[in-house]
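Student: Sequence:
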Amino acid sequence: METNKNWKDTSASTSVTDIIFDYLRYWKWFILSVAVFLIIGVTIILVTQKQYKSSLSILLNEDKGTSKGNAAAEFDLEALGLLSTTNNIENEVAILSSPDLMRSVVDTLNLQTVYYITQRLRKVELYNQTPFHVTLEPVDKKGIGNIQFYLQKNGTGYEISGTYEDLFASEEKKINEKYESLPNEIKLDDAAIKIELTGKNVIGHEKYYVQINDIYSTVSALNGALSVSPTSKTSSVLNIGLIGNNTAKGAAILRELVKQYNEMNVNIKNEIAYNTAIFINDRLKEISVELGDAEENVVDFKQKNQITDLSTEAQLFVQQTGENEQKLLEVETQLNVISLIERFVQNPANKFSVIPNIGIADLGLAQIINDYNNKLLVSEVQLKGLGEENPTRIRLTDDINNIA
Numbered sequence: 011m012e013t014n015k016n017w018k019d020t021s022a023s024t025s026v027t028d029i030i031f032d033y034l035r036y037w038k039w040f041i042l043s044v045a046v047f048l049i050i051g052v053t054i055i056l057v058t059q060k061q062y063k064s065s066l067s068i069l070l071n072e073d074k075g076t077s078k079g080n081a082a083a084e085f086d087l088e089a090l091g092l093l094s095t096t097n098n099i100e101n102e103v104a105i106l107s108s109p110d111l112m113r114s115v116v117d118t119l120n121l122q123t124v125y126y127i128t129q130r131l132r133k134v135e136l137y138n139q140t141p142f143h144v145t146l147e148p149v150d151k152k153g154i155g156n157i158q159f160y161l162q163k164n165g166t167g168y169e170i171s172g173t174y175e176d177l178f179a180s181e182e183k184k185i186n187e188k189y190e191s192l193p194n195e196i197k198l199d200d201a202a203i204k205i206e207l208t209g210k211n212v213i214g215h216e217k218y219y220v221q222i223n224d225i226y227s228t229v230s231a232l233n234g235a236l237s238v239s240p241t242s243k244t245s246s247v248l249n250i251g252l253i254g255n256n257t258a259k260g261a262a263i264l265r266e267l268v269k270q271y272n273e274m275n276v277n278i279k280n281e282i283a284y285n286t287a288i289f290i291n292d293r294l295k296e297i298s299v300e301l302g303d304a305e306e307n308v309v310d311f312k313q314k315n316q317i318t319d320l321s322t323e324a325q326l327f328v329q330q331t332g333e334n335e336q337k338l339l340e341v342e343t344q345l346n347v348i349s350l351i352e353r354f355v356q357n358p359a360n361k362f363s364v365i366p367n368i369g370i371a372d373l374g375l376a377q378i379i380n381d382y383n384n385k386l387l388v389s390e391v392q393l394k395g396l397g398e399e400n401p402t403r404i405r406l407t408d409d410i411n412n413i414a
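With the working numbering applied, the sequence shown covers 11 to 414.
Don't read these hints as lab results, they were simulated from the structure. You may find that some hints are simply not true.
Said to hold, decoys possible - Derived Cβ-Cβ restraints for the label pairs, each shown as a range: (1) Lys-295 to Asn-101: 47 to 57 Å; (2) Gly-153 to Ser-246: 43 to 53 Å; (3) Thr-166 to Thr-241: 28 to 38 Å; (4) Lys-361 to Asp-117: 23 to 33 Å.
To be verified - Cross-link-like lysine to aspartate or glutamate pairs, in silico, DMTMM-like; alpha carbons within 20 Å at most: (5) Lys-183 to Asp-199; (6) Lys-197 to Glu-182; (7) Lys-38 to Asp-28; (8) Lys-184 to Asp-224; (9) Lys-163 to Asp-199; (10) Lys-385 to Asp-32.
We put the CB at the ideal spot given by N, CA and C, even for glycine.
Taking the hints into account, I'd like the entire structure generated from these sequences.
Tutor: What follows is the structure in structure tokens.
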């Protein structure tokens with residue numbers, strides 16, 4: 011039994027040794043494979059553009075309306091049902107992530123045009139460091155897709171070579187131009203590429219790569235790289251991040267995004283104040299007419315009944331009417347206010363306009379109007395960048411109509 015066991019151990023040892031020696035005969039291939047994969051890995055690292063994340067945080071200001079001490083001195087929009095007492099974080103995230111807001115950033119910073127130089131094997135984006143300023147006129151020209159070309163200084167002149175997409179002809183066309191000086195224009199089909207110098211030094215042997223992207227794909231790409239999230243479920247602080255290949259560009263985009271967001275909020279509040287002012291002015295006109303009629307009735311009543319002490323008679327009248335008259339007055343006031351709001355809503359000119367909620371005592375109705383206003387303000391930003399047949403636009407419009 012012991013001899014048999016030793017024979018098995020020897021066979022196993024011999025088998026493993028033979029396998030190792032069999033593989034060692036191909037040691038050159040192992041070394042070559044490792045070398046090839048190392049070269050591929052290093053090449054990928056050198057070619058791939060570096061990615062950076064720029065971020066900032068913003069604190070959402072909560073509109074709390076007026077305090078009790080100065081309620082008579084200030085105009086409380088919250089009491090009108092136009093502002094919520096709590097921050098709707100999801101709404102603010104949706105607004106900051108909206109394509110329409112990013113479109114404003116792209117237009118302001120001219121982000122559809124990107125400049126690169128080649129450092130070793132990697133393209134490095136130049137932002138605010140390029141010696142050239144390139145624009146497509148008109149910016150959103152239909153029929154022209156992405157444009158890319160190289161721009162190089164050659165002696166005292168400039169050489170330009172590249173391609174652009176002709177969407178109508180479904181073909182790629184070439185660009186080959188030479189200019190003695192700049193600024194100058196590259197003529198395309200019903201459009202032009204304007205090239206100017208920025209004053210920064212032009213490196214003679216350097217090839218500058220310029221890419222003009224479709225503005226909608228630019229907005230889509232930036233929105234895809236953007237992240238907006240609250241720091242916690244109960245926090246009013248939002249973290250905004252953007253992944254890109256240039257830190258200066260990322261920081262500039264985030265700053266401009268917040269700037270556009272603040273300006274949009276100011277415009278929304280101005281719109282709310284304007285609509286509310288119109289509503290109140292209309293109500294004041296009706297009250298003025300009612301007061302004028304009431305004053306005439308009082309004069310007629312005094313003359314007919316020869317009343318000399320009107321204040322005493324009025325006090326007696328109030329005491330007699332009591333609580334029933336007071337409740338009747340409140341009901342009539344509510345009916346009058348609801349009638350005014352109904353006319354406001356039924357007016358086609360006020361479609362998709364915020365609804366004033368002044369004087370509504372019914373909490374259920376006030377909440378419905380408040381929900382409608384909040385939904386409308388959020389949807390207004392998202393609807394601007396969508397086409398008439400876009401499914402998202404149709405869904406948002408249906409949601410608003412269902413509330414209305």
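Student: Determine for every hint whether it applies to the structure shown.
Tutor: Right, here's what the structure says about each hint:
1. Lys-295 to Asn-101: 47 to 57 Å: violated, 34 Å
2. Gly-153 to Ser-246: 43 to 53 Å: Hint holds: Cβ distance 46 Å, inside 43 to 53 Å.
3. Thr-166 to Thr-241: 28 to 38 Å: For Thr-166 and Thr-241 the Cβ distance comes to about 56 Å; the hint is violated.
4. Lys-361 to Asp-117: 23 to 33 Å: Check passed, 28 Å falls within 23 to 33 Å.
5. Lys-183 to Asp-199: The hint holds at about 10 Å.
6. Lys-197 to Glu-182: holds, 15 Å
7. Lys-38 to Asp-28: holds, 18 Å
8. Lys-184 to Asp-224: holds, 18 Å
9. Lys-163 to Asp-199: Not OK: Lys-163 and Asp-199 at ~26 Å, beyond 20 Å, violated.
10. Lys-385 to Asp-32: Given pair Lys-385, Asp-32 is violated - Cα atoms ~73 Å apart, limit 20 Å.
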